[in-house]
Amino acid sequence: MKKIGNKIAKVTIEKLVFPHEEKPALKNIDFEINQGDFIVITGGVASGKSILLHSITGAIPHYHNAELTGRVTIMGQNIKDMRLNKMSDYVGYMMQEPQNQIIGLDVYEDVAFGLGNLEIPLKEIDQRVKDTLEFVGLSGYESRQTASLSGGQAQRVVLASVLALNAPILILDQPTAELDPQGRNELYKRLGQLNKTQNLTIVLVMDRIEEVLNYANRVFYIQSGEIVKQYSPEEYYMEQIEHRKEKIKYLTSFNLNHVKSSEMIAKITDVFYQYKNDLLGCEDINLDIFKGDFLAIIGLNGSGKSTLAKLLIGLLKPSKGEIKVFNQPLSKEKLAEIRSRVGFLFQNPDYQIFASTVEEEVGFSLKLRGDVNEKIEQKIEESLEFVGLLEYKKMHPHRLSRGQRQLLALASILVSDPEFIIADEPTSGLDENQGYMIMDKLFHLSKNGKTILLITHDLTMAKDYSNRLVALHNHRIQLDIPTRDLDQHLDTLKEIGLNFHNLISFREVQDGTFEA
Amino acid sequence: MNEKIFRTDTKALVGSVIIGIVMLIMMQVTGRIDAILDPTLLLLNGTCWAFFTGLIVLMYRQPAGIIAGVVEAVVAMATGYSPLGFFFLFANVIGSIVYSLISSRFSMEKLSHHIIAMLGTAVTGNLCVMVGLIYVFHLDWKIALLSSSITAFVGTIVAGILTKSIYGSLQKSALLQ
Amino acid sequence: MGLSKLDPRTKLAWYVLMIYFSLISGTVVQLCLVLLAGIMASLILTGSLKQYKVVILILLFLGLQILVVQLIFCREGVLIYQWGILKIYSEALPLAITGLLKASIIVFASMQFFTSASPQEFTLMLMKFKIPYRFAMLVGLSVRFLPLMKAEYISIIDSQRTRGLRMESAWDNLKGIFPTFLPFLYRSVRRATETALAMELRGYGRTKTRTFTSNIALKPYDTVLISAMLVVIIISLTSKVLPLI
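Residue numbers (numbering that gives the first Met the number 0), protein chains in the order written: chain W, 0 to 515; chain X, 0 to 176; chain Z, 0 to 244.
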């Protein structure tokens with residue numbers, strides 16, 4: 000049991016309002032952070048979690064315009080009086096997208112960036128870079144080009160760059176939202192270790208419930224900009240279990256009763272794909288997708304999942320083999336028609352958003368498909384209603400939170416009423432609550448007869464929602480089973496790095512192995 | 000220091016580099032379309048150039064406008080993206096300065112403000128290109144003048160309208176706050 | 000002596016020299032000599048010309064354009080061919096060739112210079128010219144983000160295509176500019192904002208100086224080379240200007 004020390008920071012925010020907005024983004028915030036605390040912040044979509052972090056790091060009010068009534072002090076210093084580039088003495092901040100936070104061309108240069116700014120002598124920089132890289136498990140990566148890092152490695156480089164500065168408080172915004180289960184596990188283990196052995200204070204916005212609660216000592220639940228409840232990790236765990244149990248019961252019945260349809264949606268025969276740079280995309284792919292399938296394609300990063308999705312929608316052409324969608328080959332002439340019946344949900348909603356209001360954005364999909372009936376407006380409203388964004392229809396899409404923007408992307412594909420929906424890592428970059436929101440919507444669609452192909456490295460979601468699982472490994476299909484038969488294949492899956500054993504939700508608590 | 004012209008915070012500096020890269024990529028995209036639709040006048044390319052020169056100044060002021068222009072030209076040269084980057088270097092820098100000087104005198108809320116600022120930029124920028132056409136390619140000055148005038152005219156009108164509407168929606172998006 | 004051993008300032012002097020001669024040389028022979036000198040320098044210092052392969056096609060296309068324009072509009076020399084209003088004069092071809100040669104030298108020299116040193120060396124060079132580090136370090140940033148953003152733009156196009164956007168003909172591409180450019184712009188502004196924040200929070204611009212992990216210094220041979228090049232330019236300039244006085 001680690002010891003909790005003295006007060007290190009105090010956050011009192013009566014009100015925080017962004018320009019041109021009436022509703023405050025944060026209000027009635029009042030809490031203290033003690034040395035050695037590991038605080039987890041959670042809450043719904045657009046509840047103000049990231050904004051709270053911003054106001055602890057000084058990004059608000061120094062960097063983002065906002066009117067803050069209140070006072071945030073760290074180690075007795077009011078951060079309002081501190082320049083942002085001096086904040087590294089107090090806090091280290093790791094944001095969501097690692098590639099945006101890497102400044103150096105190679106790993107060494109990036110970790111040394113902050114140290115150089117602090118005018119630390121070169122010899123000491125060398126030593127600190129070496130030590131921090133070792134700590135995050137990237138020894139020997141010094142001269143690696145940062146552009147070639149995988150998501151997990153990039154995340155660890157950012158962590159190293161932040162840790163190298165030795166700030167007493169570490170602040171993280173959904174640090175593992177883009178990582179696969181393996182990467183997530185490793186990162187949290189390191190954070191826990193820092194907190195326990197070096198008494199580093201950690202405040203983070205939670206992405207996934209599984210690991211982090213094993214290390215935390217306080218949980219804040221934030222709603223509409225207000226911390227409405229403070230839990231101990233155990234209490235929060237218990238409450239969530241009850242909530243989840245209900246949900247899983249409901250989902251499982253659907254999975255068990257699924258009857259395979261004979262109507263074919265897509266047929267992939269002997270497909271092989273090689274990228275221009277000779278990289279193998281996938282090989283020997285044979286897959287029949289039937290109407291009503293909620294098919295989850297799982298596999299580690301780089302196993303060929305996204306290649307498969309791009310082949311299905313004709314963004315890539317198979318080097319060998321044939322793909323038919325709705326019984327038609329993906330030929331140039333047929334492609335437009337096929338695409339009008341398929342909806343493709345990308346990982347990053349920002350790759351599509353270009354209109355200046357939410358409703359225009361949704362309407363654009365209809366316009367592209369040449370839909371000119373007078374029901375356009377009604378259709379737009381219906382799909383916005385379905386994803387819960389109707390009240391924001393006049394807003395600029397980029398004012399929405401990341402989770403809401405993903406819901407907007409979903410509305411944009413639903414508006415043209417596709418029969419077949421392909422979702423490529425739709426929950427990546429989202430926290431768990433937001434992720435479940437997207438999945439619940441897909442689940443609803445599936446129940447209403449749509450065919451869903453979900454590509455994911457999130458095994459929990461794959462297991463909970465799909466009725467059929469296809470596992471990819473080294474660019475080939477390793478397994479194609481009804482989800483209800485999952486238990487018979489756990490070992491096979493574990494061999495290819497997909498360990499369902501230790502993620503069955505809340506197992507720790509039920510076994511009594513949970514410790515805080 | 001005149002705040003309507005200068006801004007040297009990190010957001011503006013980093014923004015200048017990143018929008019400079021966006022400019023580079025879009026110059027390449029429009030250049031490819033021009034090569035098929037109007038290979039000699041390069042109207043799209045010219046408009047794209049004028050639009051970005053203005054937009055960057057509106058977003059991040061100076062020296063961001065100059066930095067973005069230099070990034071665009073230099074990276075274009077170094078990567079072989081657009082080997083003629085050398086000739087744009089001067090146009091980029093001078094056009095950007097002119098835009099700053101004019102736009103700082105207006106509220107930039109009306110379309111006419113955008114058109115006037117763009118006129119200054121398009122004329123000076125195309126003047127630079129014209130000098131290049133005459134001096135390096137030995138083009139007859141009357142021809143060079145005619146082609147530059149057409150590009151400047153189209154650029155002024157189209158890019159003027161575009162900077163107003165796109166800068167407007169950027170402000171609405173709250174991404175610049 | 001390898002290219003990497005030379006100080007970037009020496010390379011800059013060479014670049015200036017090449018541009019200067021490309022502009023003042025008038026005859027085909029002079030221009031060919033300048034181009035040859037540039038090519039030789041690359042061959043001796045790096046032993047390869049592979050990186051310049053990409054520009055050959057672009058230069059050929061440019062040459063063709065210059066030729067067509069000169070054939071149609073050139074009015075110097077004697078009339079050698081007439082067909083309706085189309086008049087071709089004898090100077091068209093020589094003018095097109097010298098024009099292309101000048102452009103080639105400038106293109107070649109620019110590429111040679113800007114790829115001759117690492118971003119960090121350029122940053123250090125700028126700092127030797129008294130440019131504050133907050134500005135000088137942007138060189139590295141542009142090299143870092145270019146490949147990332149290129150890939151992102153392609154993903155954006157893919158993403159819009161699945162929504163039904165057509166990108167097949169030049170006309171499609173024209174119509175597709177806004178739906179692809181705008182998400183790219185928004186994304187990039189977001190990226191710039193986040194990157195700048197990450198940099199500030201890691202102490203960017205905290206003081207006027209910072210520790211760099213490498214350094215550059217003029218060696219004796221750099222000084223000799225730069226002086227020699229300066230002398231050449233001064234002699235050439237004087238010989239041009241003196242007769243005018």
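Hints should not be assumed to be uniformly reliable.
Unchecked claim - Calculated cross-link-like contacts (lysine-lysine; reagent style PhoX-like; alpha-carbon spacing at most 25 Å): (1) K86/Z to K366/W; (2) K174/Z to K171/X; (3) K85/W to K244/W; (4) K149/Z to K141/X; (5) K316/W to K22/W; (6) K275/W to K149/Z; (7) K393/W to K141/X; (8) K149/Z to K122/W; (9) K22/W to K171/X; (10) K171/X to K366/W; (11) K171/X to K392/W; (12) K333/W to K174/Z; (13) K207/Z to K316/W.
Think of the hints as simulated: they come from the structure by calculation, not from any bench.
Hints, one by one, checked against the model:
Between K86/Z and K366/W, the direct Cα distance comes to roughly 50 Å. Violation of the 25 Å bound is thereby established for this hinted pair. Note on K174/Z and K171/X: the hinted pairing holds, with a Cα-Cα distance of about 24 Å set against a maximum of 25 Å. For the hint linking K85/W to K244/W, the alpha-carbon distance of about 47 Å lies beyond 25 Å, and the restraint is violated. Straight-line distance between C-alpha atoms of K149/Z and K141/X comes to about 39 Å, which puts the hinted pair past the 25 Å bound.
Annotation: proposed proximity of K316/W to K22/W is violated, straight-line Cα distance about 49 Å (limit 25 Å). With a C-alpha separation of about 16 Å, the suggested pairing of K275/W with K149/Z holds against the 25 Å cut-off. Distance check on the hinted pair: K393/W and K141/X sit about 51 Å apart at the alpha-carbon level, beyond 25 Å; violated. Restraint check for K149/Z and K122/W: the C-alpha separation of about 36 Å exceeds 25 Å, so the hint is violated.
Among the hinted pairs, K22/W with K171/X is consistent with the structure: their alpha-carbon atoms are about 17 Å apart, no more than 25 Å. Distance check on the hinted pair: K171/X and K366/W sit about 23 Å apart at the alpha-carbon level, within 25 Å; holds. Straight-line distance between C-alpha atoms of K171/X and K392/W comes to about 14 Å, which keeps the hinted pair within the 25 Å bound. Annotation: proposed proximity of K333/W to K174/Z holds, straight-line Cα distance about 21 Å (limit 25 Å).
Our distance criterion of 25 Å between C-alpha atoms is broken by K207/Z and K316/W, whose separation comes to about 54 Å.
When the structure is compared with the earlier hints, violations turn up for hints 1, 3, 4, 5, 7, 8 and 13 and for no others.
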